[in-house]
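Participant: What follows is the residue order along each chain.
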Amino acid sequence: MISVQREPFDVAHEYKQLTGGDVESGAAVFFVGRVRARNDGRRVSGLSLEHYPGMTEKALEAIVSDARERWPLERVRVIHRVGPMALGEEIVFVGVTSSHRDASFQAAEFIMDYLKNRAPFWKQEQTEEGPTWVEAKAKDHEALGRWQ
Amino acid sequence: MISVQREPFDVAHEYKQLTGGDVESGAAVFFVGRVRARNDGRRVSGLSLEHYPGMTEKALEAIVSDARERWPLERVRVIHRVGPMALGEEIVFVGVTSSHRDASFQAAEFIMDYLKNRAPFWKQEQTEEGPTWVEAKAKDHEALGRWQ
Amino acid sequence: MIEVRFFARLRDQLGCDAISIESVEQDSVTLVRERLVAEHPDWREPLSQSGVLFAVNHALVKSDHVVKDGDEVAFMPPVTGG
Amino acid sequence: MIEVRFFARLRDQLGCDAISIESVEQDSVTLVRERLVAEHPDWREPLSQSGVLFAVNHALVKSDHVVKDGDEVAFMPPVTGG
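Chains as they are written, first to last, in our numbering: chain A, 1 to 148; chain B, 1 to 148; chain C, 1 to 82; chain D, 1 to 82.
I should point out that these hints are in silico values taken from the structure, not numbers from a laboratory. Nothing here was measured: the structure is a model prediction, and the numbers come from that model. Just so it is clear, CB atoms sit at the ideal spot from N, CA and C, and this is done for glycine as well. Worth double-checking, as some hints may not be accurate.
One-sided and incomplete, this derived list gives chain B residues near chain D with beta-carbon spacing under 10 Å [as the list claims (entries may be wrong)]: (1) 59; (2) 65; (3) 70; (4) 71; (5) 83; (6) 84; (7) 85; (8) 87; (9) 118; (10) 123.
Under the rule of at most 30 Å between Cα atoms (straight-line distance), these lysine-lysine pairs were calculated in the BS3-like manner [as the list claims (entries may be wrong)]: (11) D:68 / B:58; (12) A:16 / B:137; (13) A:16 / B:16; (14) B:139 / D:62; (15) A:137 / A:16.
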């Protein structure tokens, strides 16, 4: 299930939803990305996330569907927030369950790598010099190489 | 921090402990392993975990310390339960935070791979034929190859 | 008509959220960009930056992708979510 | 003396949790095993199974590891935690 939302999410709740009532899939992997106070050496006091409504959900669904073709997964949950966020707040949640440890690790990492390169989100940081669009990192692009 | 304990643990609490008050490390990865109802085709109704008190904590500390030498990590938490456990109950928790997404994914996977091969835990499953010691999987051993 | 949309830094650079342009025979993302630049010469540089992404009807495409009447074309800077 | 311990399936196979044996000159894990097997011939097969792990004083070691008086030696089946 995929959500793109302005509201904060609750990791504890998401964990319960992902694992509750399931005694078949023994392995669960979660990634949580949060707003941090420093990025590439700049002090950051907050973040605002723009996206492309209509395309965002489709892009995330395509990524999750690719992951499901590659690995035997049970439940997959992706949440990405948009709008303004304070330091320490959660931005993104990816949760994957599977009966295979490897599959859940790799699928969660795959989803994050593709989300970072293919999902239409743009971060604007609040810094001492005012709002600044975040530069894409070559490292994030190179990360796709391992899946090809 | 490492815990080997008979008591259940609370994933929500562990998540809060790992991320609370930290606005520097943007990436958190968690692995949770749970008792599942089927293993290698056998129906399982419960699990009992034996360990080697005195050695277990040392083995886990050595693994976490190796992970910290390989990747720039912030907080690391490992919990492994011992004793009897029911279906769906959490057996193991590995949580890693870092300012680098890659580092947190890889360190969590590394810790699990080494735990599976080097930490003195033994699972006994309750099956229809009575208590059965779980066989080690060649796949788990091969998983170490990627870190060498 | 083709609805063209701009996002994030690119939108700020162009000072434009969205613009409608006529569709032409054998249209493509590249041709759409050329018509935009012909109309707004100062858009050439921002729209030609390396890494700029193109979407047609909410799917990422290459610059030679065929564009039809009624399509929505988006020009976007490299994405930075997650 | 050397304290020898057995775990999990191996302990069940031997029917023994722990046993104390004399230490000898230039002792090793292999020599400890040989003395155990000399005393209990039916232990040869379980203690020689491929994959059996050895620990001395709570650290995994190879079978040629030197064993000293007062050491704790453990024979363990392949681990299956996680």
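Participant: So which of those numbered hints doesn't the model satisfy?
Facilitator: Numbers 2, 3, 4, 5, 6, 7, 8, 15, in rising order.
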